[in-house]
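S.K.: Listed below are the residues making up each chain.
2 protein chains.
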Amino acid sequence: MTLALEQAKFAQNQDEVPIGAVIVQQGQVIASAHNLCESLKDPTAHAELLAIQKACAALGEMRLSDCELYVTLEPCAMCAGAISHARLAKVIYGAYDPKGGAIDHGAKVFQSPNCLHRPDVISGVDENESKQLLQSFFLAKR
Amino acid sequence: MTLALEQAKFAQNQDEVPIGAVIVQQGQVIASAHNLCESLKDPTAHAELLAIQKACAALGEMRLSDCELYVTLEPCAMCAGAISHARLAKVIYGAYDPKGGAIDHGAKVFQSPNCLHRPDVISGVDENESKQLLQSFFLAKR
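These protein sequence lines map, in sequence, to chains A and B. The working numbering runs 367 ahead of the 1-based position in the first sequence. The working numbering runs 367 ahead of the 1-based position in the second sequence.
Source of the hints: derived by calculation from the structure; they are not laboratory data. Among these hints, one or two may not hold up.
It does not matter which identical chain is meant; a pair holds if it fits inside one copy or across any two.
With a straight-line Cα cutoff of 25 angstroms, these simulated DSS-like cross-link-like pairs (lysine-lysine) come out [as the list claims (entries may be wrong)]:
1. Lys475 / Lys508
2. Lys508 / Lys457
3. Lys421 / Lys508
4. Lys408 / Lys457
5. Lys421 / Lys408
6. Lys466 / Lys421
7. Lys475 / Lys457
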């Protein structure tokens with residue numbers, strides 16, 4: 368999660384919403400990314416999606432069944448869907464996101480009856496640090 | 368939808384699951400794409416996501432508020448989430464997808480309480496042709 372938070376800080380330095388993600392396979396980091404929506408003018412360029420794309424490219428595989436995703440904020444519906452498609456074994460996330468999250472809030476994608484793959488989920492890891500990064504970013508924007 | 372079906376046939380010719388998508392702005396096609404998961408080894412390379420990325424790149428905009436998405440199959444949770452993020456005005460889709468769909472089935476992303484943007488949705492347009500393409504593709508795979 369320390370590395371995911373580092374990615375979130377990289378995002379902040381580029382005036383992007385500070386969210387970072389890292390994918391680990393058997394203890395080794397195989398992909399890391401941060402939110403790039405503004406720079407790329409791409410609403411799909413969330414940290415999780417970019418990390419999944421990088422990890423799949425690195426392994427030459429569509430499935431990340433023996434991998435774990437660390438991300439600083441609760442994934443949205445788009446990213447939760449991508450996590451299922453990639454068959455990630457585990458998701459460890461930082462701050463809860465009642466406004467946009469779709470794991471423990473909203474659409475609760477992994478709990479839907481037709482969800483094809485449900486990863487293990489650990490919520491609220493280093494929650495405060497993730498939350499503070501986001502809060503100070505949006506406060507500075509006002 | 369005819370153009371989206373054409374995209375789906377392109378996918379089939381590349382041994383990809385035959386799903387196609389087209390984005391239209393004021394009557395003009397600005398992006399079209401088909402599923403490329405196998406070729407790219409990328410589980411996020413769904414027709415809708417690729418079409419959204421292309422449309423945003425074409426316009427240099429993160430928002431597609433005056434655009435409509437035509438897609439041959441009911442979008443999954445990932446793509447429904449991306450549709451919300453892109454603020455698409457309308458989604459017109461072909462075949463219903465009880466196994467993987469997330470608009471009229473499963474997570475029903477646009478009906479979730481924290482969904483930030485709900486497009487108008489028209490379901491089942493040219494349903495049979497979309498369904499037949501998918502059925503014959505999977506039948507040939509067995």
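S.K.: With reference to the structure, classify each hint as holding or not holding.
M.R.: Going down the list of hints, with the structure as the test:
In this assembly of identical chains, the alpha carbons of lysine 475 and lysine 508 never lie at most 25 angstroms apart, being 29 angstroms within a copy and 32 angstroms across copies at closest. Taking the closest pair of Cα atoms, lysine 508 and lysine 457 never come within 25 angstroms of each other, the shortest separation being 33 angstroms inside a single copy and 31 angstroms across copies. Proximity of lysine 421 and lysine 508 under a CA criterion of 25 angstroms is satisfied in neither setting, with 30 angstroms inside one chain copy and 28 angstroms between copies. Proximity of lysine 408 and lysine 457 under a CA criterion of 25 angstroms is satisfied inter-copy only: 20 angstroms between copies versus 29 angstroms inside one chain copy.
Taking the shortest Cα distances, lysine 421 and lysine 408 sit within 25 angstroms of each other both inside one copy (19 angstroms) and across copies (11 angstroms). Neither within a single protomer nor between protomers do lysine 466 and lysine 421 lie at most 25 angstroms apart by alpha-carbon distance, with minima of 27 angstroms and 27 angstroms respectively. For a Cα distance limit of 25 angstroms, the shortest separation of lysine 475 from lysine 457 qualifies both inside one copy, at 16 angstroms, and across copies, at 23 angstroms.
In summary, the structure is inconsistent with hints 1, 2, 3 and 6 from the numbered list given earlier, while agreeing with the others.
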